[in-house]
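A.B. asks: Under the numbering used here, residues 1 to 275 are what the sequence shown spells out, in order.
Worth flagging that the hints you see were computed from the coordinates, not collected in a lab. Honestly, I wouldn't trust all of these hints.
Unchecked claim - Derived DSBU-like pairs (lysine-lysine); straight-line CA-CA distance at most 30 Å: (1) Lys-75 to Lys-268; (2) Lys-75 to Lys-183; (3) Lys-6 to Lys-262; (4) Lys-272 to Lys-262; (5) Lys-272 to Lys-183; (6) Lys-183 to Lys-268; (7) Lys-6 to Lys-75; (8) Lys-272 to Lys-75; (9) Lys-183 to Lys-262.
Note that the structure is predicted; figures quoted are calculated from it, not measured.
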Amino acid sequence: MSVELKQQIDRAVSVVRRRTSLTPQVAIILGSGLGALASEVSADAVIPYGEIPGFPRSTVEGHAGNLIVGRLEGKAVAAMQGRAHFYEGYSLADVVFPVRVMRALGAPVLLVSNAAGGINRLWSSGDLMIIADHINFMGSNPLMGPNDPDLGPRFPDMSQAYEPELIALAERAALAEGIPIRKGVYAGVHGPSYETPAELRMLRVWGADAVGMSTVPEVIAARHMAMRVLGITAITDMATGEQVKTVTHEDVIAAARELEPKFIRLVKRIVKEMT
1 MSVELKQQID RAVSVVRRRT SLTPQVAIIL GSGLGALASE VSADAVIPYG EIPGFPRSTV
61 EGHAGNLIVG RLEGKAVAAM QGRAHFYEGY SLADVVFPVR VMRALGAPVL LVSNAAGGIN
121 RLWSSGDLMI IADHINFMGS NPLMGPNDPD LGPRFPDMSQ AYEPELIALA ERAALAEGIP
181 IRKGVYAGVH GPSYETPAEL RMLRVWGADA VGMSTVPEVI AARHMAMRVL GITAITDMAT
241 GEQVKTVTHE DVIAAARELE PKFIRLVKRI VKEMT
């Protein structure tokens with residue numbers, strides 16, 4: 001971590017600390033169309049990204065752009081209501097900056113969510129998927145450049161990027177809530193264009209079950225900083241390469257919002273059961 005980056009993180013933390021003294025136990029990133037969970041947080045502070053130095057602002061519908069610090073199911077949380085993406089023109093270092101700030105605020109756990117296309121032919125739009133692993137097909141990595149060992153190792157291990165204990169907790173929470181759950185591999189792509197049928201066939205051969213344009217950079221940065229990570233994907237359309245209907249972002253947002261009630265129930269149960 002360069003001196004400049006450390007100063008940026010410190011400035012951002014200072015702004016948040018002027019609004020709240022809570023130390024988050026869980027950092028949460030709410031993906032496209034999934035921001036309604038923020039209304040379940042008993043907020044101590046709601047801070048627009050534009051007021052936090054260094055926070056990139058999302059230009060995409062379905063990403064409100066607020067950092068909410070408060071309590072959810074008795075746990076102190078820092079919840080990002082929306083995120084910035086690589087395809088918006090930000091560097092990956094910019095994209096993961098909020099995760100670094102939430103870690104600096106004290107959060108040891110990252111719960112990251114997204115909306116994605118389903119590649120697995122046995123699945124359906126409307127499914128929720130626990131991310132068991134990911135494929136970085138973005139063509140870059142947020143850890144490129146000089147490394148500061150005070151932040152994390154030069155070559156962080158990613159063999160268990162998504163913690164097995166948290167995956168098991170999420171599976172138990174889904175069972176307790178009566179919510180059908182999938183578990184699979186998420187492929188992160190650059191975007192913003194949707195994938196061609198040939199690209200989707202390639203990703204399926206590689207072992208991907210879902211494809212989206214986020215999450216992977218944040219997870220890499222979180223693991224670099226020794227955060228425990230759990231990922232949840234909302235399957236908002238079937239991207240098998242065989243569909244007749246074209247996919248639009250409006251369709252994705254609408255499908256994600258239909259999924260929100262069970263997504264909210266699942267996340268609340270997970271947070272409640274976390275230790």
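A.B. asks: Next, verify each hint and record whether it holds.
C.D. replies: Hint check results:
1. Distance check on the hinted pair: Lys-75 and Lys-268 sit about 10 Å apart at the alpha-carbon level, within 30 Å; holds.
2. With a CA separation close to 25 Å, the supplied pair Lys-75 and Lys-183 stays within the 30 Å bound.
3. As the CA atoms of Lys-6 and Lys-262 are separated by approximately 38 Å, the hinted pair breaks the 30 Å bound.
4. With a CA separation close to 15 Å, the supplied pair Lys-272 and Lys-262 stays within the 30 Å bound.
5. Distance restraint check for Lys-272 and Lys-183: the Cα-Cα separation of roughly 21 Å lies within the 30 Å cut-off, and the hinted pair is therefore satisfied.
6. At most 30 Å may separate the alpha-carbon atoms for a hinted pair to count; Lys-183 and Lys-268 meet this at roughly 19 Å.
7. In summary, the hint linking Lys-6 to Lys-75 is supported, as the alpha carbons are separated by about 27 Å, within the 30 Å threshold.
8. Straight-line distance between C-alpha atoms of Lys-272 and Lys-75 comes to about 7 Å, which keeps the hinted pair within the 30 Å bound.
9. With a CA separation close to 16 Å, the supplied pair Lys-183 and Lys-262 stays within the 30 Å bound.
Hint compliance for this structure: hint 3 alone is broken.
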